[in-house]
Amino acid sequence: MPQPLFVIEDLHVSVEGKEILKGVNLTVERGQLHALMGPNGSGKSTLAHTLMGNPHFQVTQGRVLLKGEDILSLPPDERARRGMFLAFQYPVEIPGVKVRHFLRMAVKASKGEEPSVTDFRRQLFEKMALLEMDRSFSERYVNEGFSGGEKKRNEILQLAMLQPEMAVLDEADSGLDIDALRAVANGINKLAGPQMGMLLITHYQRILNYVEPHFVHVLFDGRIVRSGGMELAQELEAKGYDWIAGEAAV
Amino acid sequence: MVKKPVEAPQADYAQRYGFRDAEKPLFRARLGLSSEVVEEISWLKGEPAWMRDLRLRALEVFRKKPMPTWGGDLSGINFDDIYYYVKPADHQVRNWDDVPQYIKRTFDRLGIPQAERQFLAGVGAQYDSEVVYHNLHEELVKQGVLFLDTDTALREHPELFQQYFGTVVPPADNKFSALNSAVWSGGSFIYVPEGVQVTVPLQAYFRINAEKLGQFERTLIIAEPGSYLHYVEGCTAPIYSADSLHAAVVEIIVKPGARVRYTTIQNWSTNVYNLVTKRAVAYQDSIMEWVDGNLGSKVNMKYPAVFLMEPGAHGEMLSVAFAGKGQHQDAGAKMVHAAPHTSSVVVSKSISKDGGRSSYRGLVKVYPGSVGAKASVRCDALVLDDESRSDTYPYMEVEEEQASVGHEATVSKIGSEQLFYLMSRGLSETEAATLIVSGFIEPIVKELPMEYAVELNRLIQLQMEGAVG
Ligand SMILES: Nc1ncnc2c1ncn2[C@@H]1O[C@H](COP(=O)(O)OP(=O)(O)OP(=O)(O)O)[C@@H](O)[C@H]1O
Ligand SMILES: [Mg+2]
Chain C
16 MPQPLFVIED LHVSVEGKEI LKGVNLTVER GQLHALMGPN GSGKSTLAHT
66 LMGNPHFQVT QGRVLLKGED ILSLPPDERA RRGMFLAFQY PVEIPGVKVR
116 HFLRMAVKAS KGEEPSVTDF RRQLFEKMAL LEMDRSFSER YVNEGFSGGE
166 KKRNEILQLA MLQPEMAVLD EADSGLDIDA LRAVANGINK LAGPQMGMLL
216 ITHYQRILNY VEPHFVHVLF DGRIVRSGGM ELAQELEAKG YDWIAGEAAV
Chain V
-5 MVKKPVEAPQ ADYAQRYGFR DAEKPLFRAR LGLSSEVVEE ISWLKGEPAW
45 MRDLRLRALE VFRKKPMPTW GGDLSGINFD DIYYYVKPAD HQVRNWDDVP
95 QYIKRTFDRL GIPQAERQFL AGVGAQYDSE VVYHNLHEEL VKQGVLFLDT
145 DTALREHPEL FQQYFGTVVP PADNKFSALN SAVWSGGSFI YVPEGVQVTV
195 PLQAYFRINA EKLGQFERTL IIAEPGSYLH YVEGCTAPIY SADSLHAAVV
245 EIIVKPGARV RYTTIQNWST NVYNLVTKRA VAYQDSIMEW VDGNLGSKVN
295 MKYPAVFLME PGAHGEMLSV AFAGKGQHQD AGAKMVHAAP HTSSVVVSKS
345 ISKDGGRSSY RGLVKVYPGS VGAKASVRCD ALVLDDESRS DTYPYMEVEE
395 EQASVGHEAT VSKIGSEQLF YLMSRGLSET EAATLIVSGF IEPIVKELPM
445 EYAVELNRLI QLQMEGAVG
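So the protein sequences, as listed, match chains C and V. First residue of the first sequence? That's 16 in my numbering, and the numbers climb one at a time after it. First residue of the second sequence? That's -5 in my numbering, and the numbers climb one at a time after it.
Keep in mind that the hints were calculated from the coordinates and are not lab data. There may be inaccurate statements among the hints.
[What the hints assert, rightly or not] A partial selection of chain V residues facing chain C, derived with a Cβ cut-off under 10 Å:
hint : residue
1    : Lys58
2    : Gly189
3    : Gln191
4    : Arg419
5    : Glu441
6    : Pro443
[As the list claims (entries may be wrong)] Derived coverage of chain C by chain V (criterion: at least 3 residues anywhere in the stretch with Cβ under 8 Å from a Cβ of chain V; other residues may be distant):
hint : segment
7    : 100 to 106
8    : 233 to 247
C-beta: ideal position from N, C-alpha, C; glycine also.
Chain V with its partners taken away, still in its complex shape (with noise of 0.2 Å):
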């Protein structure tokens, strides 16, 4: 068939996100991992003794536990070619025009200010291990609620900060919890007070600039009983030869009626290691929504979970992974009914591509004494070529009788039929396998903002592009 010459998606991301900047950080510590790297970055941050004691105590508690040996092929990581802590700008602002000449580029390059002025409410930006820029609208700051970077959250509120700070994701939960217990820079803090509602979603945007980086940011988010949140984070890095390590720590408490809804546009550099533990606590009667994009990445380790703790709790878990050319996406959700009449949806869709590998991994637990738990468990992956591949691993432990747990999954390639139907309609065979995996993840996509759903739709594109026969 007749097809028009396409770029290389990776040259394409290389030209909209992947380009990188020279500019000498302002300090970095030296590379690999040491007792010594971490005290240095507790000195330089300035933290009290228990901070420091902590991250000691989880380098130990990381050294100790072995490798996962399921998931994705992690090999490929040499904890001692990393630089775990690289600060690129002396303090942090409030003001776009305030960031730092070559760090403002890259934002601006990435469209956050604009962004930030059209439809969000606040926003945070890191960039390697330091958030360089915060602002929340001045309605929410009047109304008490927090948006500050965690290190800031840290020193200005010490007392909220140590009641909550890993109690949802303690350090020794995994090795690569406690490596970022030890390591652990930047990342969003937020608070939101009883009854209060951010309707206007918060977001941050995180950047890896630097090769060889470990970016290891901390994120605790409080929603007090009966508020809501949105909060979206999104990120990007360039493409190096050398990989790079992501292993952030999430951490949401839901108080009752509280709703919080976290939504994430992962579309790292294929050079990147994505290893990411996300947790969420909810009580009674409140909700927990994961939305989930996982587009880049390497390797890409991330099982969102919902421990519904209370009668009447909610969790839900929306996921779309699209894995490419060289890519593994080992992603799903973890749900754990503790408490009668919680629920819990989960849906995933993943699609392969050019020998990409795309797993479903995700277990739902139902503690005894749950009555009237309801779960129910969707994965539907979409296969594009023979070299792909996908795969399923639900795990259930139901140990409650009076419960109901539902799981559906297919693998399905994209019609001859479908593709006959659309190319007769004028679109090209690319076009159309494109529209058919966009209506795929419509059910999805159609939960996030317009402005996300546009961007998604249009990585997606990106991906598919030069992709089919």
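Looking at chain C on its own, in the form it has when it is part of the complex (with noise of 0.2 Å):
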């Protein structure tokens, strides 16, 4: 049987002192899109977070396996040449630097060499097509005074310019209205390929019409308490995250 993409095992996460992540499970094959649904506060970015490196955020059991290698003890920017990405819910300003800099950087970075002017010129504007961004926004400053879902785009786009392995989107949905929600799901429909791994973090299965996860996990109190299909989506829609609040008390 052929290696996992990414398997996460035992996980536990602690926040200046506090533990967040209390032990959570999960595998990730190549051309799988994973859903991880759970109400505010449940840990999705605190994993999202660790899976990436922040050194934020304290590892005190567990392992991350990318391609079968522990990436627990790299930094950020070895896991991203590694393959990970992690599209933030709340992306950073980064004051006077201009997209198409930053994002030329970027692919340098991870691809470990400099694309021409003409090849990253065209990858960048098509890009841009798929996510029906205006080219003009590739002269803006990162995510300065950017409104939230141009925001988002900008995330989706870097994962479409980076093509990763495995990519972590954390809640690439929220605070989008419909045209750009149908946007951001058509790219990431176009993007998730049969070589990539998606988890896809998400509070309403509003995205999950346009996105088709193979699999639904929910997050609760740091451990995840229910996987399933498609069909768990559409029963927390129904009943509210109350019901595995109850469910898991019993």
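With the hints as a guide, dock the two chains, each given alone in a separate frame, to form the complex.
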């Protein structure tokens, strides 16, 4: 049996001494799209940041394997070079740095070689068209003065340019109007391929009308308490997270 | 975290700029400062008596004035252990091929002849105390533009010279302007006739080669009504264990409706004290802009000024200072509003790293009667680690009620969330920090011609390497 792309094993994570993740297990194979749902504060972003290597979060137990190798001791840039990607729930501003300059550096850093200007430009405009973004966007400073929706599109644009093997998208859908949601979902569908694994973090079933996950998991109080298919998302939508809370308490 | 090995920045400076030439100069005045040395400089240059007397008077002023007790620590300067005049070559030439081989090698290595061919309308190159090369595009010569070294200007245009020299920065202005007035040598003299637009920049490059040298160039720029000029200066020096002194004076006269932009990329080695007096007077509806990049030197004290003398005059100062290990950048601006409806803008960006210290020191003065004057000062400091330091000393003397003066200052660090965001895209920690710094100074860098913007970013990158964490 071939090695799984991405495995999270019994992951425990603390922030400032408080345990947030209390033993998370999850396996993502190439070509699979997993949705991770859960109420506010359940630890979704904590998981996403930990997977990418944010030093703010302390792993106290467990392993995270990318293509069979534990990446937990690696800095974020090394994880990126090995194929990890995180679309941020709250992307930060980098004042004075143009989107296109940033993207070029990112492509160079993760691919290990400088793309030719022509290739880079062609690819950039192609991906922007896919996400229905105006070209002038690439001249703006990274996330500075971006609307919520523009920030999300910009994250997906980075995903498109970097073409990672394992992508974690932390609420790529929240705050989007219906057109933006369609554009982002469309982008995700086009980018997801047989080689890529994806973990899509979301609150709402809404985006799942456009992007169909193979698996749905529910994170509650630092643990995955339910896993299933699309029907689980629908059930959640109908009954709300209180239902899970009730179940988890039992 | 995993780090790739990097060269120390100073080692890189050594390779790119810090090389030295062992050739013996043609002439070197004896060590130290005296009225004999001053007279000898004047005699060698064949100056008129008025200039010799001005020098000697300035020397007296220099001796009487105390050392400044504010700003940087100048206690390391030993005025007796400095060569005040070192003449490298016999005469100045207009063709690079005629520059003495060993000097030409230096400027070739610094890329100056190449820059002239590619994007400049004129170049002056000063090596130690004398300008060894000077050239100006034929076009501009025909339009009556003068671009000479200051010594030649004194010989060839004595009336023009005497009319303006020392009127903007009198010898007695401060201790170092007095010193400069006593021993000045070289520098640029530029005259732009009425209505003439010098759209392609003129550049002067200042190179210190000799050890323990004092370089005291003197620059005088006259922009006649409605003219335009962009002048750029750059400077580097070898790294010596003994300190060098650079004390220049720059005087600029901006006549009605004229516009002058003066751009500096200061990249002295970290054994140079850079103590410079730069001042412009701006008349009706004119514009004076200083764009200042301070990367090098040990102690840098520089506060370019604009005296806004008539209605509608506008002054601007855009500056970037980078204080690395062992460096103190004490830089700022002085905007003096002496007429109604004058305006000024100061934007200062400083970066401190590895124990470096940067200070913004500035003055906005609004005289009574300057109705409708507007001044704004903005200082942003980025402090990269806990050993480094940043201070702001914004003095405001506003004596007119109907004037608006604004001041904003921020001090920030590189946010860990910013670093994480960039590193999650594959950038190393140093690359991420460098990108954040280049974004921080972008508002200034975007004002520079492309070649200089690239140069400044490259210099910042050198300073940043091996820096963070
Ligand atoms: N830097 C921090 N310092 C202290 N507590 C933190 C920090 N980051 C997260 N937490 C706490 O960890 C818990 C999980 O937060 P997390 O952001 O992972 O939730 P989430 O599931 O992503 O929520 P949301 O749906 O609101 O995005 C919360 O109780 C939060 O307050
Ligand atoms: Mg979250």
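Practice task
With chain C as the partner, please determine if Pro443/V meets the hint condition of a C-beta pair closer than 10 Å.
Solution key: With a closest approach of 18 Å, the Pro443/V hint is violated.
Handout entry: Residue hint Glu441/V, partner chain C, criterion CB-CB below 10 Å
Key = violated, 13 Å
Handout entry: Status of the Gln191/V interface restraint (C-beta, 10 Å, chain C)
Key = violated, 29 Å
Exercise for the section: Confirm or reject the coverage of the segment 100 to 106 of chain C by chain V under the rule of 3 or more residues with a beta carbon closer than 8 Å to the chain's beta carbons. Expected result: holds (count 4)
Problem - Coverage criterion applied to the segment 233 to 247 of chain C (partner chain V; beta-carbon cut 8 Å; 3 residues) - result: violated (count 0)
Handout entry: Interface hint status, Lys58/V versus chain C (Cβ within 10 Å)
Key = Status violated, d = 47 Å.
Problem - chain C contact restraint for Arg419/V - C-beta distance below 10 Å - result: holds, 4 Å
Exercise for the section: Closer than 10 Å between Cβ atoms is the bar; does Gly189/V clear it against chain C? Give me holds or violated. Expected result: Nearest chain C Cβ about 35 Å off; hint violated.
In terms of the numbered hints stated before, the structure departs from hints 1, 2, 3, 5, 6, 8, listed from lowest to highest.
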